[in-house]
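The residues making up each chain are set out below.
Number of protein chains: 2
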Amino acid sequence: FDTSPQAVRLYQLYNHWGMQVLIYLFIIVDLGLAVFEEPALIPDMPIWATSIVELICLMAFTARLIHYSKVISHERFWRDPKNICIIVIISLSLIDMITYVGLKTAGHFGVRWSRLLRPLLLVNITEGRQLRRAFRSIRNALPQISYVFFLFMFSVSMFSLMALKLFGKRGLKTMEGTPYFTDYLEIVFQLYVLVTTANSPDVMMPAYNYSSFFAVFFIVYILINTYIFMSVFLAVVYNNYKKYLKEEVRQLVKAKRRKMVRAFSLLQQSGLGEEPAVSQARWKQLVCLVQPGISSAHRELLWSVSDENKNGYIGKLAFVQLPDLLNIEVITMKTRPHPLTTRFPGFYESTASRFVRRIVQHKAFVYIYDLIILVNAVFIGLDEENPFIANAEWVFLALYLLEILLKLYTWDPRAFFSRHQFWNWFDTVIVIAALIATIFNSALTSSEGYTSRQILDIVFILRVLRLVRVVDSIQRFRTIINTLIKIGPTISTFGQLILVIYYIFAMVGMELFKDKVHFFPPNSTDPHKDYCGNPLLKGTAFAKFNYCKNNFNDVVSSFILLLELTVVNQWHELAGGFTAVTHVSARIFFVIFHIVVVIIIINIFVAFILEAFFVEYTVDKSHLQTSIEKKIEE
Amino acid sequence: FDTSPQAVRLYQLYNHWGMQVLIYLFIIVDLGLAVFEEPALIPDMPIWATSIVELICLMAFTARLIHYSKVISHERFWRDPKNICIIVIISLSLIDMITYVGLKTAGHFGVRWSRLLRPLLLVNITEGRQLRRAFRSIRNALPQISYVFFLFMFSVSMFSLMALKLFGKRGLKTMEGTPYFTDYLEIVFQLYVLVTTANSPDVMMPAYNYSSFFAVFFIVYILINTYIFMSVFLAVVYNNYKKYLKEEVRQLVKAKRRKMVRAFSLLQQSGLGEEPAVSQARWKQLVCLVQPGISSAHRELLWSVSDENKNGYIGKLAFVQLPDLLNIEVITMKTRPHPLTTRFPGFYESTASRFVRRIVQHKAFVYIYDLIILVNAVFIGLDEENPFIANAEWVFLALYLLEILLKLYTWDPRAFFSRHQFWNWFDTVIVIAALIATIFNSALTSSEGYTSRQILDIVFILRVLRLVRVVDSIQRFRTIINTLIKIGPTISTFGQLILVIYYIFAMVGMELFKDKVHFFPPNSTDPHKDYCGNPLLKGTAFAKFNYCKNNFNDVVSSFILLLELTVVNQWHELAGGFTAVTHVSARIFFVIFHIVVVIIIINIFVAFILEAFFVEYTVDKSHLQTSIEKKIEE
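If you read the protein sequences in the order shown, they are chains A and B. Oh and the first sequence: position 575 is 1246 in the numbering used here, straight run, nothing missing. Oh and the second sequence: position 159 is 830 in the numbering used here, straight run, nothing missing.
Read the hints as simulated data drawn from the structure, not as lab findings. Don't take each hint at face value.
Since copy identity is lost for identical chains, a pair holds within one copy or between any two.
What the hints assert, rightly or not - Subject to a maximum C-alpha distance of 27 Å in a straight line, what follows is the list of computed DSS-like cross-link-like pairs (lysine-lysine):
#1 Lys1157 with Lys914
#2 Lys1200 with Lys840
#3 Lys1200 with Lys844
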């Protein structure tokens, strides 16, 4: 590691938050190109325009990589698979782009296959640590999952064989009049769909109508494959998730400890005690360097926790604890006087003012406002075109504003708007936004005599969101919500994971199924409307359910369609539409999507929520935290 | 506790397995009466017949209860809620039966409401310990679940309000042409159905077709209510399940210890050591009394584990361990010689015989039979009316029989058919059953020239089941299957739980919806067939999907319908059919069923499978088990 000032400056520049934001911005632009590229949401963008933007993004990634190679040693740079990955992605993208532009200008057919690789940039940049960890944990869980999956598929194929033998020769017909359970591969697919419950009970009805005894076959099938196997999948995913997460955390803690020991050996001074130690002055210097914003009271507190025997120096053990100590959030509850007390002491401390403040602090104040919210909910439910209701809205807005002002009058505004007061922020933002939107809306209505539906939509959403506040008054609800809010940041990792997977599937889906299905607006009179503009869809459930807008014609539609497939219900009808317009093998795409997203990713999500709640239920304050609390009490 | 010989005999009679089987038999008969009672699966049973059978059952329960009251003290009898419960159930059933018979003979309308109480007998008999524990754990989890549920319902109602405001005034139409999202209660129901994913994506399509932006509303809704809240439900159920199960187990262990300490104080002898102790002779007497079938080698082993220092007597601590020791299964691997060795030593040990046995023990033997199974699978898939295929079946049967005979020749039949050899039993039973069924089938075909489909069905099922054996050859699969087999016994408790809940819902459903929907066989030409014999169903999805057989007209149909509701898919269409023929408030029945069975019971099932797999993955041999193993090694 080069420790020259220049190298350190380069390193600091690399880790500067501005650079990190910039690289995320370039990734977003690169991913967002899908909106303009064929098949485009916003069409008629020339190829050269998107190509140049992509080229700029690729150059930015290259520059970032070169910067990184300057910061760390060559040997470590080339040993790191994520750097190799980025280099491969950039080169492949370049090759693909050149061939595509070449083919297109020559008037040939071309496929932009390198678009699949784009989301992998998100995984391989330095900041994608959490995302890489998630992928690693999936990769590690794969062997276990695949054993269960093969056993599951064996079970499905055995049941299919049984179904073929039991029902194939009976000449039964499905609802659509096609032969029932006569083709083995078709049965396997139908029974796979039954595992996802999407065609229950329809798939059973012909056999059940023939004889009640055949229901037993389906009951046993559902019990084994839907309930037991799907739970086993969750168990395997959850177990691996826990195991590998623990392993990762252990390695992280080890690495941290090793680095802190190295730091200690650099900073240690002899002559302070029997063992090497670090003096308070040097410790203070270090803390101020690492966390410039720390208050001196907070720093003193940390020191008094570290230096328990008040020696004026600390040993290796206490020093190594430093990062953990810095991580513990200490909320400084400053009981500062209200600004009005210092400005207008006579007025603020008068009997009337004290009375108002006592009212606001009273429990009944909260109850009254909860009641107001409930009344407001009823008013929102009523017809807003009634002038009485419309005017009542102003009264409610005024009441909510009054509440915020009264609270600001009673409590210190700096405490009211401190970082941890989620609900105060929520209230204020919603009420002020509603106020602005309502004023804007009535200004529009009175001046131009027409109401914009978009603004009204926003006003309605804000009004309803205001009601959410009532949740905070109920202690039990608050704890549940707090747990969910705590999960928030980690959910963002999960969101990126989903984005990567969806993006890859969307790209493949768009290449396979673009422009096969067309959407006609509801008021269109086009005769093709009934079968989504594709005669192959005539008579299919896809056309009958009017699913034409669920297509792969642009990236946004694709994402919404993939979301519908994730929710599972009717996925076989959606898949059926696309197999009708292409080939029966298109089912493979949809089945793979189901396996990857529903069986693996969604189970990780569930495992993740389960774990968060279990941790919340068995919360155990760490040793350090309690020792800090003890010091504070002193 | 009365310890006179007469009382002990009475107590032993009470706990005799025959009595327990008898009481279960009476409960099954009592529950099974639903098949004959109105609305009946097997109709035309006079009321007096079912009433007399029920009376006999009730008398049996009363007799059992009186027997129990003689066994334990009066005070304890009346303090136990389960006895009170049974008395209440019996008296209510009697009252209901008398009034019902009275009303019916007078030609009036009557409802057998006490049938709801019948499954509660299953919960309240002495043997229903596990089931009571399950219900207790549900009851204990209820407060926690209800907080989450109220928060969830709050979220649903807020989203519904938003939906009403966003979509109500836009004049959108659903697929059926009805107004879209204009009635608040209808929206709440539709969005509740969306949580179960049963109407996704149909409920979204009108809004999505109008504008892509509205998809955001549904995406946020699904994310919060379907994914997050449903996972939170699982977390809460799982957490409570674990917590209360632990508590129950702790109390059980405590009670066991207390009883063992009492037993020790009765049996203790002084003068053996410094402390009171129990001599080996007395210990041996006790073990032989408690577990008459124990082998002397096993008993000696247990004694040597208890009496580690070889004193000839054991103290309190070692004595208290006895039940745990007795619970550990010790598989006695008797390496007895093959019976043929003793009968025909010359033949069995000949070169040819040795060669055959070496082949059977060779790995390749297993592989060859796996290959045969695979070939057999292909043959089963082919058309069995081809004479070549039909004859091949005899070859396969012969091969399987040969395998079993060869194995019996090589290994000791007593070891081959020992209790723990699940797969050997499975193989033998399936192959012999297939042999009998096939012979029976061909005898029928050749003598009367016709093939019975029922027998053919059985033959096919047995043939396919034979293929399942291949699973045992793969180590990874075996461990998964073993875990599932281990869960088996505990699943029976779960099965009883489901039975109780289903039975209650079936009884209510039959009273509410009987004979509203009629099923016509597929070949019927009745003009009412298209709408299930009820004009109110004309044009509903229920009739369109041909769900007529999903009705509450008898107890078996009701159970199958409830199972379909448990699987969730299309439950809103099923509910829609029954609301169409009765009243919109019938939805309440279906929503309550969903909450009770899907949100609570199924989550318990999933929690249960998760826990079983986690225990399997982190299996830790207990201290006692290892000490037994150590002794065995010695």
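Here is what the structure says about each hint:
1. Lys1157 with Lys914: both (22 Å within a copy, 23 Å between copies)
2. Lys1200 with Lys840: Intra 39 Å, inter 25 Å, cutoff 27 Å: inter-copy only.
3. Lys1200 with Lys844: between (29 Å within a copy, 16 Å between copies)
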